[in-house]
Amino acid sequence: MTEVLPLGPFPSWGPLRKGGVLDLGAALRDQLLSRRALWGPVRKVLQGRLAHAVEEASWPQAAELLVAWLDTWPVGATVEPAVSEWMSAPSAASLAVLARASELVGLALAWPTQPGTPWPVPPAGWIREQVGEGSVRLLRRGEDEGGGDGAGEDDGEDDGGEDDGGEDDGSETIRAALAGAPEGRLLEEGRAPSLGLPPVLTLTGEALVARRSELARALVQGELGALRLRSPLPPGAAAQLALGELRMEGPHQRAFERYGRVGLRVDGLVEWQEILTEAPGGEDGPVLQATAEGVLTPGTPGRLARGEPETIGWLVWDAAFLPVPVLPVAVQVLRALDGERGLDQVAAEVGVVASVVAPVLDQLVALGAATAA
Amino acid sequence: MTERTAAGSLTIVGLGPARPEHVTLEARELLAGAAAAGARAYGLAHVRSLVASLAPDLEVRPLDYLYRLPGVDRPTAYQDLARMLVRRAFQDGQDVLYLVAGSPLFINDAVLLIRRQCAAEGRPLRLVHGISFVEVVLERVFWTGHRGLQLLSAWNVARDGISPSTEGPALLCQLGEFSAGGEALDPRGSPLVLVELRDRLLERFPAQHPVTVLYSSGHPDYLSLARPLALEDLAEAEVPVYSNLWVPALHGPEIEREVCP
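Protein chains in written order, with the numbering used here: chain F, 1 to 373; chain Z, 1 to 261.
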């Protein structure tokens with residue numbers, strides 16, 4: 001009998017195995033959200049799909065794939081520190097990195113995502129492979145774990161559940177995967193240990209407006225972690241103002257809306273683009289070495305989206321720095337920097353006169369792609 | 001969910017125009033002890049950056065969302081903000097600090113609404129004064145005080161039929177304000193209202209009447225700057241949102257037409 005924890009909430013922050021229990025969410029996290037995966041198969045698949053999209057003149061898709069492919073550098077550089085942080089001291093920034101990593105993986109693997117989130121849903125084969133042979137006992141996430149907030153008292157509008165919030169913990173996916181196994185394995189079910197997440201209240205858009213004061217007080221006093229709307233907000237200023245207050249007062253609310261239950265572990269919301277910064281400039285010198293990688297692409301996202309491909313170079317780093325578009329010659333020059341060649345040797349290597357290479361080197365230093373050897 | 005009825009408090013704190021040295025001692029002491037006292041502070045982005053340097057431990061909850069809500073105009077947003085802060089303090093029992101730039105008593109609709117609501121409901125309200133923008137912008141002109149000073153909203157003059165008297169100098173504030181919605185922080189829209197303001201002023205002042213745009217250099221120095229021009233040229237260039245227009249009296253002291261270097 002294999003005891004397993006479900007896939008959600010994903011990314012798991014627990015160990016792969018604890019007390020003989022396999023955490024499927026942790027297995028998914030460890031296999032997908034790694035530097036090795038992002039810099040290896042994910043980048044390779046995205047590159048192939050990008051080339052195919054350009055061949056097929058699928059320009060919007062090509063533009064999306066180019067951004068994703070370029071992101072494999074900074075995401076791959078930051079994903080493992082982010083996983084460590086996520087498991088020990090979660091932050092909104094670490095969650096943003098994991099979310100972008102999941103988007104890249106999902107794009108490469110073409111796996112579906114949990115509705116409204118970036119988190120991938122693995123295929124049945126992956127699940128069967130993880131649990132191995134024999135029967136399985138699935139430890140489902142409880143709907144009332146972590147203590148109630150008294151919300152269930154309220155005319156049936158609330159789910160009253162701690163971190164269920166109407167969100168699937170992936171159990172159905174697991175059940176379907178194992179039921180479809182050749183041997184038709186029979187599942188047992190149990191209850192997983194509490195995650196200790198703050199409670200979520202599910203209610204209608206109309207109820208959110210009508211109960212604004214009470215809900216804001218509960219968020220302020222920490223009695224509620226977040227609110228989930230089961231129907232759209234009604235039109236009008238009152239609804240916008242109510243939602244605005246509740247998002248402002250609920251420290252987890254915006255992350256919960258963006259990322260699901262895992263958003264309850266962090267305060268505030270950080271998007272991936274906010275994490276990237278410009279690379280610091282390098283130091284000039286007679287002999288330079290590369291501190292970035294230069295890659296050639298079929299364009300910029302904007303040009304690709306307009307269906308106007310052209311060869312463009314990009315500077316990418318093994319760090320959370322913004323990729324920088326450059327002329328293709330800059331990529332050639334960067335690749336010639338081996339920490340031993342001076343200007344003339346670099347020019348000879350590239351096959352361009354030194355007077356052309358010199359300003360390119362200056363720019364590469366200024367952009368932080370090269371520095372004194 | 002539990003009801004909380006314990007009495008809280010509501011304090012409006014003026015933090016001055018922008019520079020930390022303009023924050024009063026009273027405000028500094030209040031901010032210094034606020035985090036330890038469990039106060040719940042609210043403010044806009046420019047206030048948050050100032051507080052970050054004065055009281056790094058104090059979290060200031062962002063009110064910027066009020067300017068970005070679809071279909072919500074500013075008067076409605078200010079009314080809602082006033083009600084929300086009063087509720088947070090006196091129904092939810094929180095010690096609320098509402099942090100505002102400048103003086104709370106100068107051109108601040110939300111503060112006005114809070115004061116009225118507290119007065120009507122018999123709620124205690126503490127006001128911590130701050131230096132207003134007026135002190136700072138007057139640095140670049142020579143105001144004598146002999147003919148008084150008219151403090152008017154440029155918006156009100158341009159669009160609401162308010163006319164400054166020609167007998168005394170006028171300071172028209174929030175010169176770059178061009179919309180009742182939330183998009184007015186983009187200075188590119190300011191010529192829209194400047195055209196209307198110019199035309200309104202030309203009804204009472206000659207085209208060559210000297211006026212001065214008074215504004216700040218912004219972060220980090222917040223220097224007072226002046227751009228003198230003839231009234232007829234007022235709409236030729238955009239101005240920052242939080243700039244002001246100095247309009248000397250028609251027949252006032254000559255010195256009030258000069259710009260202080």
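Worth flagging that the hints you see were computed from the coordinates, not collected in a lab. Just so you know, even glycine gets a beta-carbon here, dropped at the ideal spot from N, CA and C. Any given hint might turn out to be false.
As the list claims (entries may be wrong) - Cβ-Cβ distance ranges computed for the label pairs, FRET-style:
| hint | chain 1 | residue 1 | chain 2 | residue 2 | range |
| --- | --- | --- | --- | --- | --- |
| 1 | Z | 52 | F | 116 | 13 to 21 Å |
| 2 | F | 277 | Z | 64 | 47 to 55 Å |
| 3 | Z | 160 | F | 229 | 44 to 52 Å |
| 4 | Z | 64 | F | 293 | 34 to 42 Å |
Said to hold, decoys possible - Negatives, chain Z to chain F, calculated, CB over 12 Å:
| hint | residue |
| --- | --- |
| 5 | 135 |
| 6 | 145 |
| 7 | 165 |
Now the hints, each set against the structure:
Under the hint 13 to 21 Å, the C-beta atoms of residue 52 (chain Z) and residue 116 (chain F), about 33 Å apart, miss the expected range. One distance hint, 47 to 55 Å for the beta-carbon pair residue 277 (chain F) and residue 64 (chain Z), is violated here, with the actual separation near 22 Å. Range check, residue 160 (chain Z) to residue 229 (chain F): Cβ separation about 39 Å, and the 44 to 52 Å hint is violated. Taken as a hint, the range 34 to 42 Å holds for the pair residue 64 (chain Z) and residue 293 (chain F), whose Cβ atoms sit roughly 38 Å apart.
Listed as a non-interface residue, residue 135 (chain Z) keeps its Cβ farther than 12 Å from every Cβ of chain F; the least gap is roughly 32 Å. Every CB of chain F lies more than 12 Å from the CB of residue 145 (chain Z), the least distance being 42 Å, so the non-interface label holds. Residue 165 (chain Z), annotated as away from the interface, keeps every beta carbon of chain F farther than 12 Å; the closest lies near 37 Å.
Figure legend: structure checked against the earlier numbered hints; hints not met, in rising order: 1, 2 and 3.
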